[in-house]
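Novice: Sequence:
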Amino acid sequence: ILFHRILISSYPSSPSPSIATLYLMNSLPGEEDIGFLGPGILLAPHCSSGFLNKEDLLMSPLFPNPHLYLGIVLTVVVIITGCFSYYQEAKSSKIMESFKIMVPQQALVIRGGEKIQIPVQDVVVGDLVEVKRGDRIPADIRLISSQGCKVDSSSLTGESEPQSRSSDFTNENPLETQNVCFFSTNCVEGAARGIVIAAGDSTGVMGRIASLTSDLAVGQTPIAMEIRHFIHLITAAAVFLGVTFFGLSLILGYIWLEAVIFLIGIIVANVPEGLLATITVCLTLTAKCMARKNCLVKNLEAVETLGSTSTICSDKTGTLTQNPMTVAHLWFERTIYEADTRNSFAKGSDTWFILARIAGLCNRADFKANQEYLPIAKISIHFREDGSQTHVPIMKGTPERILEFCSTYLLKGQEYPMDDEMKEAFQNAYSELGGLGERVLGFCFLSLPNTYSKGFKFNTDEINFPMDNLCFVGLISMIDPPRAAVPDVVGKCRSAGIKVIMVTGDHPITAKAIAKGVGIISEGTKTAEDIAARLKVPVSQVNARDVKAIVVHGSELKNMNSEQLDEILQNHTEIVFARTSPQQKLIIVEGCQRLGAIVAVTGDGVNDSPALKKADIGIQAADMILLDDNFASIVTGMEEGRLIFDNLKKSIAYTLTSNIPEITPFLLFIILGIPLPLGTITILCIDLGTDMVPAISLAYESAESDTMKRAPRNPKTDKLVNGRLTGVAYGQIVESKRSKST
Numbered sequence: 001i002l003f004h005r006i007l008i009s010s011y012p013s014s015p016s017p018s019i020a021t022l023y024l025m026n027s028l029p030g031e032e033d034i035g036f037l038g039p040g041i042l043l044a045p046h047c048s049s050g051f052l053n054k055e056d057l058l059m060s061p062l063f064p065n066p067h068l069y070l071g072i073v074l075t076v077v078v079i080i081t082g083c084f085s086y087y088q089e090a091k092s093s094k095i096m097e098s099f100k101i102m103v104p105q106q107a108l109v110i111r112g113g114e115k116i117q118i119p120v121q122d123v124v125v126g127d128l129v130e131v132k133r134g135d136r137i138p139a140d141i142r143l144i145s146s147q148g149c150k151v152d153s154s155s156l157t158g159e160s161e162p163q164s165r166s167s168d169f170t171n172e173n174p175l176e177t178q179n180v181c182f183f184s185t186n187c188v189e190g191a192a193r194g195i196v197i198a199a200g201d202s203t204g205v206m207g208r209i210a211s212l213t214s215d216l217a218v219g220q221t222p223i224a225m226e227i228r229h230f231i232h233l234i235t236a237a238a239v240f241l242g243v244t245f246f247g248l249s250l251i252l253g254y255i256w257l258e259a260v261i262f263l264i265g266i267i268v269a270n271v272p273e274g275l276l277a278t279i280t281v282c283l284t285l286t287a288k289c290m291a292r293k294n295c296l297v298k299n300l301e302a303v304e305t306l307g308s309t310s311t312i313c314s315d316k317t318g319t320l321t322q323n324p325m326t327v328a329h330l331w332f333e334r335t336i337y338e339a340d341t342r343n344s345f346a347k348g349s350d351t352w353f354i355l356a357r358i359a360g361l362c363n364r365a366d367f368k369a370n371q372e373y374l375p376i377a378k379i380s381i382h383f384r385e386d387g388s389q390t391h392v393p394i395m396k397g398t399p400e401r402i403l404e405f406c407s408t409y410l411l412k413g414q415e416y417p418m419d420d421e422m423k424e425a426f427q428n429a430y431s432e433l434g435g436l437g438e439r440v441l442g443f444c445f446l447s448l449p450n451t452y453s454k455g456f457k458f459n460t461d462e463i464n465f466p467m468d469n470l471c472f473v474g475l476i477s478m479i480d481p482p483r484a485a486v487p488d489v490v491g492k493c494r495s496a497g498i499k500v501i502m503v504t505g506d507h508p509i510t511a512k513a514i515a516k517g518v519g520i521i522s523e524g525t526k527t528a529e530d531i532a533a534r535l536k537v538p539v540s541q542v543n544a545r546d547v548k549a550i551v552v553h554g555s556e557l558k559n560m561n562s563e564q565l566d567e568i569l570q571n572h573t574e575i576v577f578a579r580t581s582p583q584q585k586l587i588i589v590e591g592c593q594r595l596g597a598i599v600a601v602t603g604d605g606v607n608d609s610p611a612l613k614k615a616d617i618g619i620q621a622a623d624m625i626l627l628d629d630n631f632a633s634i635v636t637g638m639e640e641g642r643l644i645f646d647n648l649k650k651s652i653a654y655t656l657t658s659n660i661p662e663i664t665p666f667l668l669f670i671i672l673g674i675p676l677p678l679g680t681i682t683i684l685c686i687d688l689g690t691d692m693v694p695a696i697s698l699a700y701e702s703a704e705s706d707t708m709k710r711a712p713r714n715p716k717t718d719k720l721v722n723g724r725l726t727g728v729a730y731g732q733i734v735e736s737k738r739s740k741s742t
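Take 1 as the starting number for the sequence shown in UniProt numbering and just add one per residue.
For the record, the hints were derived by calculation from the structure and aren't laboratory data. This structure is a prediction, so every number in the text was calculated from the model and none was measured. Treat each hint with caution, since some may be false.
[Said to hold, decoys possible] The calculated DSBU-like cross-link candidates involving lysine-lysine, where the alpha carbons are at most 35 Å apart (straight line), are:
#1 558 - 650
#2 423 - 412
#3 492 - 423
#4 516 - 457
#5 516 - 526
#6 548 - 536
#7 536 - 423
[Said to hold, decoys possible] FRET-style restraints, in silico, Cβ to Cβ:
#8 173 - 536: 34 to 40 Å
#9 197 - 353: 20 to 26 Å
#10 423 - 142: 55 to 61 Å
Cβ atoms here follow ideal geometry from the backbone N, Cα and C, with glycine treated the same way.
Modelling step: build the complete structure from the supplied sequences, incorporating the hints.
Specialist: Here it is as structure tokens:
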């Protein structure tokens, strides 16, 4: 009701939305920020525990003084450690605020016949919205008019090429029709006007993704589970020994208060009080090291998680590839040429000149004259009029559509009638370029007769000029090129035993070509379709054992059950999922986790959000951000993550070595009656003073030479604290005595 009143008072001439639509306020649900009071409240019980111990447990004949400073020291240590952790988390959170630019701040709406700039949160269903080049779409809108509008939906669909938008209904699927623009996409060309049909969490794509993401339950990180496992072990050992000593002291005739002191002493001797500080410092040092290498860690625990990763589910657009489309090949005069500025290819041909001219004019680039002497990196092309009065319509588009308009083709500057031989050559070239994963465009032109005088007003909406009998010139194919460092990174991941899976919304042919280009499908590895084509047999007759790589279409994945998906993930080492939806990306991540994998998901699109949240670690938009968009930084993070796990094992092993020397004095005091050389306070001083600094210093250890050559850690068998580490830690006293005796 409050929002309803704001609309009436601010825009009295505009139709106010009904009460039923007030919940469609244009903002997505999110988590509330935790202020400083949250950690403060959590720290309060720990701060008071030291004073409670002082009053209740240290008042005995063995400890004649209350030792107030013990409670103060414990309080200071806990507060400093907690504040240190909070500072690191708060700093990462503040940096992340600068990345929250997915929602536009202002929207241009028409209310009461006037154009008004309003906050995007105030856009409601029924508003008339105008967007132009450079604007983000403020809500899901149904277009009623368009002037050459194109939108970039790569963050939602993974498609690199901008898509045309008009007022025409072209497809029953709202995701495919041209008369709908979706919330958070970008208008990259032209302008449009439309009516808001959905806003906020009710939007068709963004709202569904936000709802899907918010409903996910996030599990514990591997390091959290390892610490939990270690705490369970050390707690069980401490309680068992403490209760044993408590019972033994009562049997030997000590009063119950002294027995309680023994119980507390044993527990204190077994519990590594400096563990929290050690882990926090180790994680923080690694996070700072990764920040210097352009990897921003939002969650400190994500550092170690990346080192435990066994499977990477990577998006294609903008992650493995550069995102901008680049010309790769040209086809004219029945020959395919590679588009390489270092090579000269038939540039003296009249056909090449006309193809280049059409390509230069049929785009949205700005052309400037007098650039002959500029460096090649800055030069653009300018065509001057040649004095002819003839008009020449030129056109580019989908090759098969362009060919339908053509009755002739250009060969060596001359027009020839379109024949079956040319159509076959066209189809072969089109298939070959498409098989490379490239987007192919066709180009044609028509020389109009002199009846169209200079100054004639051409109308492209209501065509008033011929659109048949055009002359076909050639094809140009473009590709979203892979990042240069990605193939090497994929190779390093494979040598480290990490499976890299491509999950993209792009076409299967394009996805397969990129996967081969970056090494996800390695050289010489064939899919079932490749083997079937080579043997000239149906795909169903291909031996499944010979197939190591597979490309799965989203429509196939939709009809699979969990057992079939698990079979694909288990039996294929090189996997590509194409034309996937956000829900399917989530299913893939859950399938990998179901098989016991530690999954990292990379992606920078909104369509990656559910999978990023469900993954053990999300890269680029969840737990870790690649500030330089360098996929190679993932390997750096993995190495640092493995290093921190190794160093934590060393720190814990060092910390546990003091347990036996600290327990032994209590044992001798109870059994032999000798004076107690180590009291509870002394043990605390050892644990928090002399032991902590050397334990923390182990975080500075360098990585071993085989760190990235080992297989990923198995979280079920390779624990942070296992029998071998415990034996080494507790067996040091035995080894030292043995060495002295020898």
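Novice: Give me the numbers of the hints this structure contradicts, sorted from smallest to largest.
Specialist: Structure breaks hints 1, 3, 4, 9 and 10.
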